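Please model the entire structure based on the sequences and the hints provided.
Here the protein sequences come in this chain order: A and X.
Read in order, the letters of the first sequence correspond to residues 1 to 347 in this note's numbering.
Read in order, the letters of the second sequence correspond to residues 1 to 708 in this note's numbering.
What the hints contain is simulated information worked out from the structure, not anything from laboratory work.
Cross-link-like lysine-lysine pairs, in silico, BS3-like; alpha carbons within 27 Å at most:
#1 A:Lys140 / X:Lys600
#2 A:Lys80 / A:Lys65
#3 A:Lys58 / X:Lys49
#4 A:Lys201 / X:Lys426
#5 X:Lys454 / A:Lys171
#6 X:Lys129 / A:Lys86
#7 X:Lys189 / X:Lys129
#8 X:Lys607 / A:Lys80
#9 X:Lys570 / X:Lys670
#10 A:Lys171 / A:Lys205
If you want the footprint, here are the derived chain A segments under chain X, 3+ residues with CB under 8 Å:
#11 76-88
#12 152-158
#13 163-176
#14 297-307
#15 313-321
Remember, predicted model here, so these are calculated numbers, not experimental data.
Using N, Cα and C, we set each Cβ at its ideal position, and we do this for glycine too.
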Amino acid sequence: MKKTRRVPLSIPLLLWCLLTIVISHAGQAAPPVEPASAGGKAPKTAPASVSAVEYSQKGADTCIKCHDVDSEYPVFDIFKTKHAMKADSRTPFAGLQCEACHGPGVKGMASMEEAQKAGSHVGKVRPGEKRPPILNFGVKSDEPVETQNRMCLQCHEDDNHIAWWGSAHEKGEVACANCHTIHTAHDPVLDKVTQPEVCYKCHLKERAEFFKPSNHPVRFGQMDCSDCHASHGTGTSTLLIRPTLNETCYTCHADKRGPFLWEHPPASEDCTLCHTPHGSIHPALLTKRPPLLCQQCHSQIGHPSVAFTTQGLPNANPSGFLLAGSCMNCHSQVHGSNHPSGVKLMR
Amino acid sequence: MIKRDMNVTTTGGRWLLVILCLPFSKCIFADTTEAEIPAGVDISSWVCKYCEFEQGLSGELEGGVGYVSDNSFKFGEYNGLNDKGAYPIGNATARYRDENADYLNLRVRDLGLDTRSVGMEGGRQGSYKLFLNYDEIPHYISDSARTPYRGNGNDTLRLPSNWVTAGSTAGMTELDASLQDVDLETKRKRLGVGIEIIPARKWETAVNVRHEVQDGQKATAGSFFFNAAQLAEPVDYVTDEVEASATYTTRKWQSKLAYYGSFFNNHNDSLTWQNAYNPIVPGQDAGQLALPPDNQFNQVLMSSGYQLSERTRVSGDIALGRMEQNADLLAATINPNLSVALPESSAHAQVNTLTADLKADSAVTSKLRLNAAYRYNNRENKTPSEVWDWVTTDAFTSAARKNLPYSFTDNTVNLGGEYRIDKVTKVNAGYDFEQKDRTHQEVNRTKENTFWGKASVRARDNIDFAFKAAHANRSNSDYNTVDETQPPENPLMRKYNMADRQRDSASLNAGFIPHERINIGMSVDLAQDDYSNSPLGLTKSREASYNTDASVILTDVTTLHVFASWQRIKSNQAGSQTFSTPDWSSKNNDTFDSYGIGVKHQLIKDKLDVGADYVLSRSTGKVNVDSGAPGADFPDLKTDLDSVKLYSDYHLKENLTLHAAYWFEHYNSKDWMLDGVDPGTIPNVISFGEDSPNYNVHAVMMSVRYRF
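As structure tokens, then:
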């Protein structure tokens, strides 16, 4: 007889209740975020609101006079994107245009020492002087990642970004612009075929894993990383799209979900106890070859405990415990069986 | 047995509904998420006269022809290029936008291949959007399988009428003559439709439906006691998924309430196959496997995030679900000489799931940030536990067994802190605790404590470096064999998901930009698990991977990309042939190395672009089983892959491009599980006699792209 103490269902519900109470008594909303001081410090609210004087007089026309298709930083493809839709009141080009994201153009950001010393980003620059920066994004940005991201999140803190704060990518200081390309007609990270290359910029190991002989078809453009992972954060440590690992796998492998009359407990608990998700040198993304894979847990008297050596190879005494499907030559229902006589996963 | 409170879930469900609704009552009074124009800023003169807003129809059409030099399922495993011969190339993108924010995007890929897909999205931006996606995903599994069975792809497999049964494959005189090829392949066809509506400011609602048909056949096996045959299992599945959500977003508060449903339907409930061997008992002329049963999963989810202050945020998720399966059970045997009554006509299988997490994160000061998270995950198996008389492989009635409804509960706590030493350096440290409870298994409870630390340096433009190390210690409450398991498990076996474990891991991630045209990345991952209290089972595992890549802008018209990766996975395990202390051990040593280089070059400015990619990968699997007997070292499991792609784009006109590509792949593999194993090689298994895949395939493609 086994007994297991369980955490009652009421505990998480109470926690949720507590969260709701805390929230209902919380203070007022933070003011709109302004770019923070440079240098990696935590963001601060700008000392004073950005005045009208600090914005350019002509908006985007000021910027794109220089940033045309032949410039070092061309931006014209933004006009092919959703950000440049004037009829959608939520978009930058329905409002402050370039400066909706890049901040006021005339004075540069108050926090940018360089801009303060040298003057305006759009002002005259003497020969040999570096043009003062504007609030920019990505790996070469002067701004702390958090400041960059808050600018994006002002509009994009929607259902996909609820869990961004505190997620692995946020804690790892991944900027939105590290993955997203804004001034382009097709953001590569939003396309199933081109997305993985974006992820591989940091996830070098995964690029190699998909070249393994058994793999999920990411390399062939049939799957992308976001079929399983939610890069903007979720409750799972590996940023899975469903609340648990197995539920994520079942989105494509619902035949393995059961629940079966006769379950194989590791299969119901965690698919990765036997499979590795990205790629394997063993068939069916298994972590190891059977029968050894199975013998890591099964050592009952009789054939499960036998040491199967090369004596079972075809040139000696060909063994059904070792060759072809190995253990699965008989126990083929490894994910569970719904047959009344399936207790040994053989029916 | 565990006494379960049947009321917990239903009562909890009612409370849950009330609680889920509470957040919305607050939201009604929240503010907007739309960017606001600061007071005093007059943008009336911002006419955007140079802005080239794209309107009207635009896009690209591609048509052409390709040719593949050889048949190979492995080459075409997922890309649809499995057959020798010519095939049409058809790709298209189209975009329409107008000044009212109406838009339509269309993307068609691989129209002439089994991998074809169509994606459409349209609507009025800011108001609603509609999706329609169609995808075909083939999986060519094996083209070297052979079987004496007829009727492959159906739910009944028969042997030829002149079949001669025998006690082993050696005596099956008609085996060789009866063999026919059976291609193992499946194909998914997915149709997805969805709609997103923004009914009011701050609100988004969405409904997505996906209908997937998967058909084909894959490998399974059936046995009569110790005599088995590999069989083609029919795949004829329909899976429907529905997801509906409503999201309310303000700057402070975001909430999403969603429903997810998944409904699996298998058109075949069983696979019946004729016994190719001499029946062990009279009537054992055929066997029947249960195929995956129809089942469904329904789930309600709620996610919320709240910005308590500029520096502090809390967020949480809760998901309440139920998996159900109540398909009619098959008979315990199809041996007409045996009769077994079932206690139930279906399993009444039901699993309730509850996952909830709560996270808080606060930048306490400008240098110190703290976070805490709690996660609860429960899989409560409510399937009735019954005593079942059962039949061993349609031969003998066996001692009754009880089905065990396995349940799991996970409680996880994460505490972490981050301290920023200066503007480029920060350190993190944390503690994680996980407690896992299981029922009907060898261990009731495991507890794991993990301590970790991380240091990172991020100097803008040229270096980015992070090092993390962790130590974890998992221990179990007690390890006892499960009474219901028959024959009994060796009491010294420690299953590795429940065994005591010491885990150490370290990782290094670095990025360097030594020059503005050179970008170098590097990562190292090391992990080792020690199961020192496990006499039998997995005792040790080690994993190391070293990866690097670099991209270089060689000239204004030439870019180069290279990568290299080395991976080592080792493990040790122990067994006991005498049902006592360890008397054999095994070592596994897997290596995987891959290297790639790619070049893109503009040969003639605005006229001709060329490129090349080469990937080389090698895998080796070494297996050693040492029982003191000869033959411990298995032949190496090996795969070699060399892949070369050359391509060019010749711009005939500004909007007309001639695309040409050549692709060559060489693949060679050695696998002792398959090599030299013909269908009759194993005395007690009629195998598929598959070959480990080898191929040399050339593919050429020529197409014209027209942009409009």
